[in-house]
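Number of protein chains: 2
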Amino acid sequence: MKKDSNYSVPGFLASAVSAGLKKTSDLDLSLIFSQKKAVAAGVFTANKVKAAPILLSQERIQKGFLRAILANAGYANACTGDKGYKDAIQTADMVSKGLNIPPEETVVASTGVIGAYLPCNLIKKAVPSLIDKLSPHNFESVAKALMTTDSFPKISFFKGHADGCPFHLLGIAKGAGMIMPNMATMLSFLLTDINIDSQTLWPLFRSAVECTFNRITVDGETSTNDMVLIMANGIAGNGTLTKKDVKEFEKGLTDVMGTLAYMIAQDGEGATKTVIIEVHGAASKDDAHTAARVVGNSNLVKTTLFGQDPNWGRIMAAIGRSGVTMEENKVQIWIQGVKIVEGGLMTTEDAEKKAAEKMKRKQITITIHLNQGEWKDRITTCDLTYDYIRINAGYRT
Amino acid sequence: MKKDSNYSVPGFLASAVSAGLKKTSDLDLSLIFSQKKAVAAGVFTANKVKAAPILLSQERIQKGFLRAILANAGYANACTGDKGYKDAIQTADMVSKGLNIPPEETVVASTGVIGAYLPCNLIKKAVPSLIDKLSPHNFESVAKALMTTDSFPKISFFKGHADGCPFHLLGIAKGAGMIMPNMATMLSFLLTDINIDSQTLWPLFRSAVECTFNRITVDGETSTNDMVLIMANGIAGNGTLTKKDVKEFEKGLTDVMGTLAYMIAQDGEGATKTVIIEVHGAASKDDAHTAARVVGNSNLVKTTLFGQDPNWGRIMAAIGRSGVTMEENKVQIWIQGVKIVEGGLMTTEDAEKKAAEKMKRKQITITIHLNQGEWKDRITTCDLTYDYIRINAGYRT
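Residue numbers (the working numbering), protein chains in the order written: chain Z, 1 to 397; chain U, 1 to 397.
Hints are computed from structural coordinates only; laboratory data are not their basis.
Heads up, the list lumps identical chains together, so a pair's fine if it works in one copy or across two of them.
Okay, derived cross-link-like pairs now, PhoX-like style, lysine-lysine, Cα gap no bigger than 20 Å in a straight line:
no.: 1; residue 1: 83; residue 2: 330
no.: 2; residue 1: 159; residue 2: 247
no.: 3; residue 1: 48; residue 2: 330
no.: 4; residue 1: 330; residue 2: 285
no.: 5; residue 1: 339; residue 2: 354
no.: 6; residue 1: 36; residue 2: 97
no.: 7; residue 1: 244; residue 2: 159
no.: 8; residue 1: 97; residue 2: 133
no.: 9; residue 1: 360; residue 2: 339
no.: 10; residue 1: 83; residue 2: 124
Generate coordinates for the entire structure from the input sequences, incorporating the hints supplied.
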């Protein structure tokens with residue numbers, strides 16, 4: 001991890017404090033502030049049970065502009081009904097008043113235990129100090145304040161040029177579980193100084209989320225609180241983006257979000273390995289995605305990864321139950337480059353031995369070729385271990 | 001478990017031996033034989049990767065009659081291609097010749113490691129002794145010979161009357177994992193002496209499978225080898241079944257298969273608890289089934305069951321991501337009769353404490369009311385424990 005001061009984006013300030021929301025004295029409340037009104041977009045959980053911060057932020061981002069994000073760990077403010085929604089508004093208002101910005105330009109994000117009310121009094125006490133501490137060099141502290149069962153803070157950074165002007169893109173994320181285990185909530189905030197309009201930003205942002213954050217899995221669960229936000233304040237000063245500029249920004253988005261997504265899978269609850277499941281030769285786009293996702297979510301595949309056993313039969317069986325178009329005798333499988341299955345059958349015992357050696361690595365790629373068509377996709381996942389059980393079977397209180 | 005001799009059905013013989021297919025000297029090969037040609041039906045795995053015994057048995061049962069079932073543990077004979085299919089035919093033929101019955105009236109069933117070829121020589125050596133030992137009182141031995149990681153043999157029995165004649169229905173099953181861990185293959189054989197034609201048997205059998213074996217889950221995986229077979233030899237001597245007779249037989253099927261299905265969930269790999277997920281008030285039949293299945297397969301719900309923590313937020317979140325029609329503020333949840341959620345919110349802390357007490361039980365029912373319509377369904381599942389990881393992360397060889 002580079003030094004904190006390396007991560008900054010002109011016009012964005014940040015701060016983090018310990019407000020007493022975690023049981024430890026660790027950072028747990030953070031604020032991001034754009035000195036200039038920023039174009040903004042967000043992608044929110046597909047879960048029908050949406051936490052109060054999701055409902056409020058989803059509503060406020062409709063206008064396409066934001067100034068501030070208040071984020072807390074420790075409490076999800078989910079399944080908290082009307083009171084939870086009011087608490088979300090109330091805490092957002094504390095920030096808006098303190099910063100003297102319109103209420104609708106502040107959003108909130110939460111991660112933590114479901115069903116408990118937000119301790120608004122603790123947040124109220126902490127907000128003045130949050131505002132006091134705002135600085136251009138606090139983003140690593142924000143990443144730390146978002147952490148729950150995360151074992152390391154997640155930041156990624158990109159510098160590019162648009163219309164001859166340098167621009168910056170900073171991404172922060174948390175993933176993979178709660179300090180009082182509950183859900184593998186994923187939060188991510190992207191901050192950039194590029195000058196871009198809503199119409200251009202939205203499809204680029206949406207598609208980058210699709211091929212990064214939507215291509216990882218830890219345990220197949222979808223949290224009530226998942227949220228990815230982007231703010232672009234335009235301070236870079238570039239004029240209308242050319243095709244080339246758009247391409248460069250797109251690359252930045254994919255790089256930054258891809259790195260954060262990989263870090264989330266790597267830091268999956270209890271994970272000892274990060275595993276990429278690549279599917280080639282699928283009959284359709286959906287088939288490629290489904291096959292990768294079913295294999296990547298299979299408990300039997302994930303335990304065999306933990307056991308470092310090249311048990312290819314479980315991969316075959318997962319593909320077979322995924323419902324995608326496939327013929328057993330056309331399937332090929334490679335484990336970290338070692339071809340272990342050809343025509344649906346094991347290649348050689350020697351290959352199995354070599355694959356077993358490769359499985360001792362911390363990072364493994366499993367490549368599946370269905371030989372049904374031209375579509376491909378990939379999912380990044382992790383293994384299923386004793387520690388996943390320990391973390392998630394622990395009592396909340 | 002009642003004494004072996006209590007389980008018999010007129011006209012059916014059985015035997016089991018140790019053929020050396022398991023690493024231990026435990027029983028691993030078994031034979032069921034009907035002295036009279038029996039009306040037969042089968043339900044086979046939905047996995048597109050089908051083991052050789054599935055392909056062969058599915059083909060042979062088309063005619064609607066069977067005389068013998070040869071079953072082995074230790075080897076799945078799955079992902080074994082043409083050779084595997086020939087091995088399945090060859091081993092079935094050993095039985096058909098020995099019993100002097102048409103080849104197409106013998107089927108085979110296998111459970112064990114995927115991708116290894118069946119040791120046909122070991123089976124060939126054992127078949128004469130299998131045939132020698134056929135007796136009306138060997139069904140518990142068959143149940144034992146099917147076991148892999150099962151911790152107890154699974155048998156259930158029903159006696160009824162049809163057209164004034166007593167009839168018997170015996171069911172045997174294995175579930176929940178392999179001795180060399182691979183898949184939670186489920187095999188079940190139902191034997192009855194009722195006189196019934198194929199047209200009457202099929203829908204009764206199919207619908208009993210649907211509401212019993214298709215309503216359990218251990219880890220959401222579908223094996224390459226799952227198979228449920230029924231044989232009815234007509235020896236009870238009843239005439240055409242009246243509506244009342246059909247109802248009684250239907251009750252027998254549901255009782256016997258329901259008991260076996262419950263035993264399979266109870267004996268899920270590493271399970272310490274058997275948990276029924278009941279969904280009421282769903283907007284459609286599919287919604288009721290989907291909601292129950294998603295909650296029953298959620299790793300986060302299953303670890304919270306192991307942790308004995310009434311973490312209802314995880315149940316809410318699983319319902320929310322299941323895609324069914326639901327409104328958060330209409331959901332009610334009971335844990336073993338204790339109402340913990342009303343209108344999407346926790347009822348009282350006292351209820352949470354009471355629910356925590358109830359969760360110490362070995363058998364728990366979680367009742368969910370969606371208040372969206374009139375449909376209901378239920379799934380029997382188990383918790384997710386350290387032992388599931390231990391069993392499934394173990395190396396195969």
